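Can you make the complete structure from the sequences, with help from the hints?
Number of protein chains: 2
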Amino acid sequence: MADQILPSWRDGDTRDAILGFLDRVDEIPPAHRVAVFDNDGTMWAEKPNYPQLEFWFLEMQEAIGADPSLADKPEFRAVIDRDMATIEELGLEGLATAFLDLFAGITPEEFDVKVARFFAEQQHPRGVPYRQQRYQPMLELMDELRSRGFDFYLVSAGGAEFVRVISQDFYGVSPEGVVGSQIDYEFTRAADGTPRLLRTNHVVHSGPNEGQAKVPNIHRILGRRPVVAGGNSPGDAEMLEYAMTYDGPSLALLVNHDDAEREYAYESKAGTFDTEETILETAARLGWTVASIRNDWATVFSDS
Amino acid sequence: MADQILPSWRDGDTRDAILGFLDRVDEIPPAHRVAVFDNDGTMWAEKPNYPQLEFWFLEMQEAIGADPSLADKPEFRAVIDRDMATIEELGLEGLATAFLDLFAGITPEEFDVKVARFFAEQQHPRGVPYRQQRYQPMLELMDELRSRGFDFYLVSAGGAEFVRVISQDFYGVSPEGVVGSQIDYEFTRAADGTPRLLRTNHVVHSGPNEGQAKVPNIHRILGRRPVVAGGNSPGDAEMLEYAMTYDGPSLALLVNHDDAEREYAYESKAGTFDTEETILETAARLGWTVASIRNDWATVFSDS
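Protein chains in written order, with my numbering: chain A, 47 to 350; chain B, 47 to 350.
Because the hints were derived from the structure by calculation, they are not lab data. Fair warning: there could be bad hints in the mix.
In this list, chains with the same sequence are indistinguishable; a pair is considered to hold if it fits within one copy or across any two.
[Claimed, not checked] Restricting the straight-line Cα-Cα distance to at most 20 Å, the calculated cross-link-like pairs of lysine to any residue (SDA-like) are: (1) Lys-119 with Thr-246; (2) Lys-315 with Thr-132; (3) Lys-93 with Val-71; (4) Lys-93 with Ser-252; (5) Lys-160 with His-78.
Just so we're clear, the structure is a prediction, and the values are computed from it rather than from any experiment.
Structure, rendered in structure tokens:
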């Protein structure tokens, strides 16, 4: 069997570590078989931009077409000028605050239609559908975990509602299996009294689903305790660390973006746990399994 | 087929209305087949006390045994004296605030052990396990919905963590399928740096999962839009009303506790939508289906 599973993973220490974990799954009670994976940069490519950022670009352009004065908004200006330094500085969360105004006052269904249209009509800059930006080796690992009774969840800093539109199709994850950054909704009534639920521009009190926040959010939203966690950035560190505290076999898998040729080569400048330790140093110190895209993945992207 | 399904529902308008809805499920796209049901008083009995309140009673007694000064706390005093007027006045939420102190600083797993022990060791005052306080007709309806492709969720004002301990066993609902009142968690570290997640005594910003709050919480937590909703009190009204706004067949089912002999006979004193309209008047006005326990249920409780 071992030579048939995980075909996109090259032989080596990383594949051996994963297989070693899979061999021990019997030691984990079925109710504890819970896997949580980050999405951007872990399950699909996040470069040159987060797909959600590309979605915002397009929505912004459409909004500016209808109301040119919007172009004066500093966050929009940075995006229009492709001022990547400012964009990087604002971060996904800083931009989110500005962009969430675009969707305030519409229903969840109206938002879903916009996202579905984005994925149906747009392609990744590489010239392929976003579906083909999914990482084939991670999909294989997902399947192996599921075949061993794991429940597989997505835990993303991205908007929960954005990810949920494609989570079933891309990963077989139902909407309630997605933990993401959440906006508040407002319960309103039309003139005739009919209730309508509308998006606001507020992110819920716990803030973006990133870093430390991922751990309590997993418990609040899913009510489960992870024993397998996958990530690629300091924003995933606490989640991986927490999975490793399980009193039994556990797996913390870090994707290392070191393949400029087939994917992208980059390292987060942010330190882990608000220190200066890099995420790779943290991984080494805490014994996480590191997947080098260059060395460990025979195939990078899904072709389906 | 029609004479074999829903065997615990007596012939009549209510059963006909449910069967009429089930016959039209084909008109609902599979992805829209989402059912949300309240728990207390809708899926199981909530009298003479909410099961969660009985759990709190026991935990309080244990805590007072360890620290007698706790008995001076007004909320605890009301419970000790079985001062039902004060308890009623404080409401589930008022009591919750006091009782949540009992569980602050423990891990989610430690809390789960307490709840599991409660259900394993305690019985309902009727002298049966709490499992047998589930309503047989509602379980049959749940099964019929599932067999037609519905995802079935619990949306309770009770604590999400409390309900999740028994949701799989009692209703086949996985923990992430439970929307309930949520407490905040605190991410902490032990002296050696190991992360630990601890309960706080704070209910999350959106407050108890009751009334209007149920609708946004369903979208935030589940990412789904219900077309079937079940409830029994003004705290479920907006959820039922919202399900009926679906542009296709929908079902809003209200359980009416009118059977003093086999269950309990009571009516909420609270009005619906902050008006003086009773929940039964609201049901009549908005065309909800009302299940009279006395008239519509041949059997009330599950015997398994």
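Intra- versus inter-subunit Cα pairing at 20 Å for Lys-93 with Ser-252 | neither (27 Å within a copy, 35 Å between copies)
Between copies, within a copy, both or neither: which fits Lys-160 and His-78 at Cα up to 20 Å?
-> Between copies only: 18 Å across chains, 36 Å inside a chain, cut-off 20 Å.
How do Lys-93 and Val-71 come out at 20 Å by Cα distance, when the copy is not named: within, between, both, or neither?
-> This pair counts as neither: shortest intra-copy Cα distance 33 Å, inter-copy 43 Å.
At 20 Å max between alpha carbons, let me know whether Lys-119 reaches Thr-246 within a copy, between copies, both or neither.
-> within (19 Å within a copy, 39 Å between copies)
Have a look at Lys-315 and Thr-132 and pick one of within, between, both or neither, based on CA distance no larger than 20 Å.
-> within (15 Å within a copy, 57 Å between copies)
Violated hints, in rising order: 3, 4; the structure is consistent with all others.
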